[in-house]
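Here the protein sequences come in this chain order: A and B. Numbered according to my numbering, the first sequence spans residues 1 to 316. Numbered according to my numbering, the second sequence spans residues 1 to 208.
Read the hints as simulated data drawn from the structure, not as lab findings. One thing to keep in mind: the hints can contain errors.
List time: in silico BS3-like cross-link candidates among lysine-lysine, alpha-carbon distance up to 27 Å [to be verified]:
hint : chain 1 : residue 1 : chain 2 : residue 2
1    : A       : Lys39     : B       : Lys47
2    : A       : Lys58     : B       : Lys158
3    : B       : Lys158    : A       : Lys2
4    : B       : Lys158    : A       : Lys86
5    : A       : Lys21     : A       : Lys2
6    : A       : Lys58     : A       : Lys86
Short, incomplete list of chain B residues facing chain A, as computed with Cβ under 10 Å [stated by the list, open to error]:
hint : residue
7    : Thr54
8    : Leu101
9    : Asp108
10   : His134
11   : Gln138
12   : Gly152
13   : Leu169
Have a look at the derived ranges for each label pair, beta carbon to beta carbon [stated by the list, open to error]:
hint : chain 1 : residue 1 : chain 2 : residue 2 : range
14   : B       : Arg45     : A       : Gln142    : 49 to 55 Å
15   : B       : Gly109    : A       : Val44     : 27 to 33 Å
16   : B       : Asp171    : A       : Ala316    : 42 to 48 Å
17   : B       : Arg37     : A       : His202    : 29 to 35 Å
18   : A       : Val44     : B       : Lys207    : 46 to 52 Å
19   : B       : Asp171    : A       : Thr200    : 44 to 50 Å
20   : B       : Val132    : A       : Gln313    : 38 to 44 Å
Glycine residues also receive a C-beta, built at the ideal position from the N, C-alpha and C atoms.
Okay, here's what each chain looks like letter by letter:
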Amino acid sequence: MKPFTYERVATPAEAAAAALKNPKARFIAGGTNLLDLMKLEIEVPPHLIDINRLGLDKIKETDQGGLRIGALVRNTDLAADRRVRKDYAVLSRALLSGASGQLRNKATTAGNLLQRTRCPYFYDPTMPCNKRAPGSGCSALQGFNRNLAILGTSDQCIATHPSDMAVAMRLLDATVETVHADGRTRAIPIASFHRLPGTTPHIETDLAPGELITAVVLPPPLGGTHIYRKVRDRASYAFALVSVAAVLQRDGTGRAAFGGLAHKPWRVEAAEARMAQGPKAVADAVLAGARTTPQNAFKTVLAERTLAAVFEQARA
Amino acid sequence: MDEDFIPVSRRGILAGGVATATIATAPASAQDSPQDRPPPSATTRLKVNGRTMTLTVDTRTTLLDALREHAHLTGAKKGCDHGQCGACTVLVAGRRINSCLTLAAMHDGDEITTIEGLGRPDDLHPLQAAFVAHDSYQCGYCTPGQICSAAGMLAELKAGVPSHVSADLDDPRATADEVRERMSGNICRCGAYSNIIEAISEVGGIKA
Ligand SMILES: Cc1cc2nc3c(=O)[nH]c(=O)nc-3n(C[C@H](O)[C@H](O)[C@H](O)COP(=O)(O)OP(=O)(O)OC[C@H]3O[C@@H](n4cnc5c(N)ncnc54)[C@H](O)[C@@H]3O)c2cc1C
Ligand code: SF4
Ligand code: FES
Ligand code: FES
């Protein structure tokens, strides 16, 4: 690990000011992704701003009938919150399918959204990777890419976003609230929060340097049946190959978002119009532009079958 | 971090405190900062197993390294150092976490319980006694993490925290399936899993 200076801050304003003073600084929340990457010197911040004591660890009801989830709420606490279990069960389920009990006790809402890809070459500093070292090339295109993306890829990067929680947040149309280093605040719809790789795979979100996430806001509950179905190589403590978050209504309408397929949680609103026609019709529309490799072509079949399993589970 | 330690023997690292960490990281920091400037440090007050200790450590020191190399509590183990095995599990304010993926500096004022604090050789914690009774280990390397994790896990189950295998999010049942899912963050290379589940189930009053 490279040496770094460390500072604790007590308010979002202090955090913003610290970020303004140290443009290369990083915020540290749970640390479960950042420290992992710092040990490998893939992340090399010269300064860490510890945001664990900002008081952003509460879940509050909004005037609109939704929930405002503090950026520092731990994954365990979010999954176990009574209101989330009752009205946003798909979010509880997505969180509980990720990582381990220990990691969920530390991991935060904002940190989870911002976790970086698990592409094996991103993790291997001896290999070219446009995301880690812009312009160096993409080892995955001709390499081991079984678990990499099939939608929204570019010829520069085919990495996936590994978060389960983010897929549920996308399904629920959450909004990310932030404060800039200069004190300005804004609200970013989750649909435009994560970016596609394009020619700049190292830029993963819409956040500006030093911009702090303060909360993630859920709109009022959707009702319906909530399902998160994750398919992976082992039954627990593994990232998704494919996952589906869905809310299905009795009248046959509904929503579906996919994990494991792209650089961001993948949801095609137009495909949801076909919900009443069944999973095949929806999957066809979602997967229409898929670009696969011989190793990851199975994901198109798996995505359709996972969605079919979700429909079946909802009927049961 | 281990790469930095290559020129130094493992024994040297274990024996030393702050000074060793400084020496060991000198090759890496030489290019970034003048040789005579030590790497940045942070002061943190930890309440470990009921004892308060104030440590001034290289900012890079994880909670795991602080416990093992500075507090000389070597119960928590370093398996992977990347959150992938659970050998480093300790309780912070009663909640289980991986001590390898958090900095000592981030725990100023926190109450930490390690396997040494859970019970004593002459006064074993029920989980420690059950692991002995059920022969729940072979090499024992994962055991302190398994036991700390189990203590945190049983508290979570009691508090009604649901899991991936809970059929009803509002009513998680105390079953062996639940224990298996909730303990998946602790890997045992010796494969003592079935006896580990038996020991935990007995203490948790769960039908194995
Ligand atoms: C072994 C292992 C298995 C895992 N399995 C899964 C899995 O199956 N599914 C899954 O979804 N995840 C999984 N994870 C990832 C885990 O969910 C993330 O590491 C975690 O959610 C990150 O949250 P954190 O608070 O620890 O983030 P940190 O590591 O603290 O931060 C991550 C990034 O977010 C930035 N950041 C944090 N908070 C803010 C903020 N408020 N504003 C601006 N920037 C911020 C940091 O600067 C950093 O760049 C796994 C992790 C491990 C180690
Ligand atoms: S897919 Fe993206 S992250 Fe993986 S090697 Fe290519 S550029 Fe790097
Ligand atoms: S040493 Fe911490 S999880 Fe392996
Ligand atoms: S007893 Fe050897 S690793 Fe578990």
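Here is what the structure says about each hint:
no., hint, verdict
1, Lys39/A / Lys47/B, "holds, 26 Å"
2, Lys58/A / Lys158/B, "holds, 22 Å"
3, Lys158/B / Lys2/A, "violated, 41 Å"
4, Lys158/B / Lys86/A, "holds, 19 Å"
5, Lys21/A / Lys2/A, "holds, 20 Å"
6, Lys58/A / Lys86/A, "holds, 17 Å"
7, Thr54, "violated, 15 Å"
8, Leu101, "holds, 5 Å"
9, Asp108, "holds, 7 Å"
10, His134, "violated, 21 Å"
11, Gln138, "violated, 21 Å"
12, Gly152, "holds, 7 Å"
13, Leu169, "holds, 4 Å"
14, Arg45/B / Gln142/A: 49 to 55 Å, "holds, 52 Å"
15, Gly109/B / Val44/A: 27 to 33 Å, "holds, 28 Å"
16, Asp171/B / Ala316/A: 42 to 48 Å, "violated, 18 Å"
17, Arg37/B / His202/A: 29 to 35 Å, "holds, 31 Å"
18, Val44/A / Lys207/B: 46 to 52 Å, "holds, 50 Å"
19, Asp171/B / Thr200/A: 44 to 50 Å, "holds, 47 Å"
20, Val132/B / Gln313/A: 38 to 44 Å, "holds, 42 Å"
Checked against the numbered hints above, the structure breaks hints 3, 7, 10, 11 and 16 and satisfies the rest.
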